[in-house]
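Listed below, chain by chain, are the residues.
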Amino acid sequence: QKEVEQNSGPLSVPEGAIASLNCTYSDRVSQSFFWYRQYSGKSPELIMSIYSNGDKEDGRFTAQLNKASQYVSLLIRDSQPSDSATYLCAALGGTSYGKLTFGQGTILTVHP
Amino acid sequence: DAEITQSPRHKITETGRQVTLACHQTWNHNNMFWYRQDLGHGLRLIHYSYGVQDTNKGEVSDGYSVSRSNTEDLPLTLESAASSQTSVYFCASSESRGQGTYEQYFGPGTRLTVT
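As you go down the protein sequences, you meet chains A and B in turn.
Just so we're aligned: 84 in our numbering is position 84 of the first sequence, and the numbers increase by one with no gaps anywhere.
Count along the second sequence starting at 1, add 1000, and that's the number in our numbering.
Calculated cross-link-like contacts (lysine to any residue; reagent style SDA-like; alpha-carbon spacing at most 25 Å): (1) K42(A) to P1108(B); (2) K1057(B) to S43(A); (3) K42(A) to E1003(B); (4) K42(A) to S1083(B); (5) K2(A) to D1038(B); (6) K42(A) to Y1105(B); (7) K1011(B) to S43(A); (8) K2(A) to Y1105(B); (9) K2(A) to L1039(B); (10) K2(A) to S1061(B); (11) K42(A) to H1010(B); (12) K42(A) to N1028(B); (13) K1011(B) to S40(A); (14) K42(A) to P1075(B); (15) K42(A) to T1086(B); (16) K1011(B) to P1108(B); (17) K67(A) to E1103(B); (18) K2(A) to E1059(B); (19) K1057(B) to Q31(A); (20) K42(A) to I1012(B); (21) K67(A) to S1096(B); (22) K1057(B) to E3(A); (23) K1057(B) to S26(A); (24) K42(A) to P1008(B); (25) K2(A) to V1060(B); (26) K1011(B) to E45(A); (27) K1057(B) to R1044(B); (28) K42(A) to E1059(B); (29) K2(A) to H1041(B); (30) K1057(B) to V1019(B); (31) K1057(B) to Q104(A); (32) K42(A) to A1002(B); (33) K42(A) to R1111(B); (34) K56(A) to S1096(B); (35) K56(A) to E1103(B); (36) K42(A) to V1060(B); (37) K1057(B) to R28(A); (38) K1011(B) to G41(A).
Quick caveat, the hints were computed from the structure, so don't treat them as lab data.
All chains, please: the whole structure from these sequences, using the hints.
Below, the structure is given as structure tokens:
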């Protein structure tokens, strides 16, 4: 099993809908989790971080962490065309100080 | 404002040449990382550093080297460029702020083409 796995998508949602992005992880990476957004031709941009079980909300974004089931998700409410990007899930390794392991990314398209 | 910069932003070089990509951060972060990003492979870690004089190999370190002589800079050197090293290179930095938080912030990237 890969350490961090994402649904490769692509995921397409209509404007105004909720976009749900999912990520599962192995036991080897189990501390902190991060969601990055990457526009085409640009660098990854940190949009959410989550460290404990439950939900964390920031504006239209909600990150959810379930350590028992080993998944982390990102919900984007009221999706906008400007949310169209690749979303990368990243996890901090248990014994790898400061190193992140990234998933392959999910391409999200929000159509008007 | 604190930032992380990379130079050059675009580089074309020939096979066999030595190339150095610069990364400079003003966050005063101890941790710095170099990644390459290729279609189908996602972000892969090349080298990383936890502080001055410290360097470590990542998962794809062959053909690359780094040195850390100060907090702000971590240059990445391709000893003898190969076509397989054509990629987009990202530098990132992070600082531990307790509770295992290591939020990494990325530079704008360098697009390297080896012909």
